[in-house]
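J.: Residue numbers (the working numbering): 5 to 537.
Careful: at least some of the hints might be erroneous.
Taking lysine to aspartate or glutamate pairs in the EDC-like style, the calculated list, with each CA pair at most 20 Å apart, reads [said to hold, decoys possible]: (1) Lys260 to Glu450; (2) Lys439 to Asp349; (3) Lys260 to Glu470.
Note that these hints are calculated values from the structure, not bench results.
None of these values were measured; they are calculated from a predicted model.
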Amino acid sequence: MAIDTTQHTFRKTGFAALLVSILLFIVLFVVSYPYYRYYIDPDAVAYLTIAHRYATGDILRAVNGLWSPFHPFLVSLFMRHGIDGLFAAHITNAMACMGIITGMFFMFRRFRLDAFIVTTLMAVLPVFLVYCVYMQLFDDLWQIVFLLAYLLIICSRHFLTTWWKWILCGVVGALAFFAKTYSFYFIVLHLAVTIMLLNQAQGKPLFAHVKTYAAVLLTMLVIMLPWIYLMHLKYGTWAISNAGAINGSWTITGHKTFKEGINHLIPPPYFDSPYSMEDPSINEGHLYTIWQSPQLFFMQCARSGYAFMQAFLTMGQLSFFLVSILVATGIAVFSKKMQVIFQTDHKILFSASLVIPVGYLAMHFEPRYIWLMVYTSMILGGTWLMLLKNYLTPKPYYLLVALFALSYITYPIYDMKTLLNKGKDVYIEAQEINKLHLQGTFTSNESENRCPVTALLTHMPYYSIEHFDFSHQVLLAEMRRYRVNYYFFYFKPLDGQAVDLRDEHDHSFPELTKNTIPGLKIFLVDPYINREK
Numbered sequence: 005m006a007i008d009t010t011q012h013t014f015r016k017t018g019f020a021a022l023l024v025s026i027l028l029f030i031v032l033f034v035v036s037y038p039y040y041r042y043y044i045d046p047d048a049v050a051y052l053t054i055a056h057r058y059a060t061g062d063i064l065r066a067v068n069g070l071w072s073p074f075h076p077f078l079v080s081l082f083m084r085h086g087i088d089g090l091f092a093a094h095i096t097n098a099m100a101c102m103g104i105i106t107g108m109f110f111m112f113r114r115f116r117l118d119a120f121i122v123t124t125l126m127a128v129l130p131v132f133l134v135y136c137v138y139m140q141l142f143d144d145l146w147q148i149v150f151l152l153a154y155l156l157i158i159c160s161r162h163f164l165t166t167w168w169k170w171i172l173c174g175v176v177g178a179l180a181f182f183a184k185t186y187s188f189y190f191i192v193l194h195l196a197v198t199i200m201l202l203n204q205a206q207g208k209p210l211f212a213h214v215k216t217y218a219a220v221l222l223t224m225l226v227i228m229l230p231w232i233y234l235m236h237l238k239y240g241t242w243a244i245s246n247a248g249a250i251n252g253s254w255t256i257t258g259h260k261t262f263k264e265g266i267n268h269l270i271p272p273p274y275f276d277s278p279y280s281m282e283d284p285s286i287n288e289g290h291l292y293t294i295w296q297s298p299q300l301f302f303m304q305c306a307r308s309g310y311a312f313m314q315a316f317l318t319m320g321q322l323s324f325f326l327v328s329i330l331v332a333t334g335i336a337v338f339s340k341k342m343q344v345i346f347q348t349d350h351k352i353l354f355s356a357s358l359v360i361p362v363g364y365l366a367m368h369f370e371p372r373y374i375w376l377m378v379y380t381s382m383i384l385g386g387t388w389l390m391l392l393k394n395y396l397t398p399k400p401y402y403l404l405v406a407l408f409a410l411s412y413i414t415y416p417i418y419d420m421k422t423l424l425n426k427g428k429d430v431y432i433e434a435q436e437i438n439k440l441h442l443q444g445t446f447t448s449n450e451s452e453n454r455c456p457v458t459a460l461l462t463h464m465p466y467y468s469i470e471h472f473d474f475s476h477q478v479l480l481a482e483m484r485r486y487r488v489n490y491y492f493f494y495f496k497p498l499d500g501q502a503v504d505l506r507d508e509h510d511h512s513f514p515e516l517t518k519n520t521i522p523g524l525k526i527f528l529v530d531p532y533i534n535r536e537k
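Build out the structure end to end from the sequences listed, making use of the hints.
T.: As structure tokens, then:
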């Protein structure tokens, strides 16, 4: 049975749905901001530092092989006008969310979804995106903005034969790369699949329109060339990123590797870095690949098998309908009877859903890595709902649409509880530390999740510790070696009075907090402050 794709009702109510959706997002963001503004995810420490470098003109140090440049540079534009970097990151993240809502509105129009489905999905999108604003401060949302624009372009009419669309696609693709490096690899693979699908639909050879593919990639590379050159100036190699090599090495070995001479304390890459992860390439030793030994190859195979299973759990967090939608659509696109319903554009979206997780099968999965699948599955699932409408009475149909839409915000609403005021204690603690007017560097017995944020908020570089399997004497020797000034000792309330840190001669180091900061004692180990300028 054919799907009703009448556009009259949809076009009449569509723009109202867009405006209401954006307004709802703004309201939810403003209302939630006081309760969720404190959380700084581990990646954001590096991104905020890079944004500060762009803002101050420290360009070569801002160029980074691991962290993508678009969003930090955008934040730096706000920082140049005296706006706090964390606040600017939230605002620019919110701008990306409004871009996503707009992009999805036009995707819904392009695929002619039923007005009720569109209105319902546009109502839940702001809830999902408010969660995303706080969950991940940098990059992932802007990547989605540009990938949705990319999908709109390649799904538009006469894409294969319109040269300016090739150029526009290349520009958008380059912006997606600057937002997140992985976008480059995604587009390289997905665009090839798309062109073959379009050729097949037009009865042409699969490898026709090679010039379209070449024009898009050439445009991307031309725009990327200045970045590639800056990467060469900094690292001495010609590459678009170091992220794949670094993450790949850490994944197959299960740990980081460091240059010879780095033992227990890991120094920041620069004198004013919060900690080593701002640019791990500076301290990185040998990078391992799966081809270096049979053992590493089989370790990668095992890791990929685990990642494959992990992918299903991750997709379930995005929507408990997502896997079913992909399986059903995968069967439908190869069925001649379903070709009228799932046309070439649907195949393009389906292929995007399959390509986006491919690279992460070599590492691990987090929901944000495959957020694009939320948006492609909304359209594919909406198409299935339009088909089911022909077999259901109105009430069951409306209930099913509502359940489908709510599936995308079930886990985010649940997880928002864990993000409520998350990081506020670190923020308050950093304010108390700043009252002590400390300068210099520190290390700590605490994990790397807390201390990098403390380092960022106090402007005190943190010498991280990967493994705490060494003695007190070794710790002192390492601190003396790097002239680390302070030791931050975190403790449970009942243990506080017994805490004492002694030097090589069994003399107690001065304790600076005087019990004014709950759960923390700060010992002055090296009073000599020599922060290189």
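J.: Now tell me if each hint is right for this structure.
T.: Status of each hint after checking the structure:
Straight-line distance between C-alpha atoms of lysine 260 and glutamate 450 comes to about 18 Å, which keeps the hinted pair within the 20 Å bound. Our distance criterion of 20 Å between C-alpha atoms is broken by lysine 439 and aspartate 349, whose separation comes to about 59 Å. With a C-alpha separation of about 9 Å, the suggested pairing of lysine 260 with glutamate 470 holds against the 20 Å cut-off.
Checked against the numbered hints above, the structure breaks only hint 2 and satisfies the rest.
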